[in-house]
Amino acid sequence: DAGVIQSPRHEVTEMGQEVTLRCKPISGHDYLFWYRQTMMRGLELLIYFNNNVPIDDSGMPEDRFSAKMPNASFSTLKIQPSEPRDSAVYFCASSSSVRAYEKLFFGSGTQLSVL
Amino acid sequence: GNSVTQMEGPVTLSEEAFLTINCTYTATGYPSLFWYVQYPGEGLQLLLKATKADDKGSNKGFEATYRKETTSFHLEKGSVQVSDSAVYFCALLAGETSGSRLTFGEGTQLTVNP
Numbered sequence: 285d286a287g288v289i290q291s292p293r294h295e296v297t298e299m300g301q302e303v304t305l306r307c308k309p310i311s312g313h314d315y316l317f318w319y320r321q322t323m324m325r326g327l328e329l330l331i332y333f334n335n336n337v338p339i340d341d342s343g344m345p346e347d348r349f350s351a352k353m354p355n356a357s358f359s360t361l362k363i364q365p366s367e368p369r370d371s372a373v374y375f376c377a378s379s380s381s382v383r384a385y386e387k388l389f390f391g392s393g394t395q396l397s398v399l
Numbered sequence: 629g630n631s632v633t634q635m636e637g638p639v640t641l642s643e644e645a646f647l648t649i650n651c652t653y654t655a656t657g658y659p660s661l662f663w664y665v666q667y668p669g670e671g672l673q674l675l676l677k678a679t680k681a682d683d684k685g686s687n688k689g690f691e692a693t694y695r696k697e698t699t700s701f702h703l704e705k706g707s708v709q710v711s712d713s714a715v716y717f718c719a720l721l722a723g724e725t726s727g728s729r730l731t732f733g734e735g736t737q738l739t740v741n742p
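The listed protein sequences derive, respectively, from chains A and B. Quick note, in the numbering used here, the first sequence goes up one by one and the last residue is 399. Quick note, in the numbering used here, the second sequence goes up one by one and the last residue is 742.
If you're looking for bench data, these hints aren't it; they were derived computationally from the structure.
Calculated pairs, BS3-like style, for lysine-lysine (alpha carbon to alpha carbon, straight line, at most 27 Å):
| # | chain 1 | residue 1 | chain 2 | residue 2 |
| --- | --- | --- | --- | --- |
| 1 | A | K387 | B | K684 |
| 2 | A | K308 | B | K677 |
| 3 | B | K677 | A | K387 |
| 4 | B | K677 | B | K696 |
| 5 | A | K387 | B | K696 |
| 6 | B | K688 | A | K387 |
Let's have the full structure, built from the sequences with the hints guiding it.
What follows is the structure, encoded as structure tokens:
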């Protein structure tokens, strides 16, 4: 299995632009998570899905952030408009339905820089 | 609420040195405890876990024992290698439902020099 695949690996954009991050989870995994990692706040859970349905989005910072999972093999995290404080590494992770949090498989992350 | 506190880094060691990274937690009930490792340029990977008091998790020469009396889960390795250079995250999971969420510590950067 190829693991969790994220794209792009690096994204540099200007303030105000729309940014879309993509994730392909491991085939057969029922849970998909989006995390954000910064020096100041560490690793934060933004949102997670179960069977393509958003379950908990309480970690999403504000209305500028939105996430979708149109099917079991694809999810997007969109920021519109982007701001410099959104600069971070964004990780996608997936897990099987058995005790979902006990073993997360993370992608390599998207390094986002908003200038 | 739940929280995890790790020793501050960065930690720099010579190859074959003994490693300890401290982790203490605050949680309601009886959490499961984890160590995740993040190698440069990669996502986090589960290193080891322990689900009840006095359990010892082990993997790749790393060990951690769930100490309820001291609310700790310190990571140890007897002889580190250059390839162990990474960021290590302690985490806890409180609650049995899938709606529970992992709480991560701040991470500790380890650098092992040859």
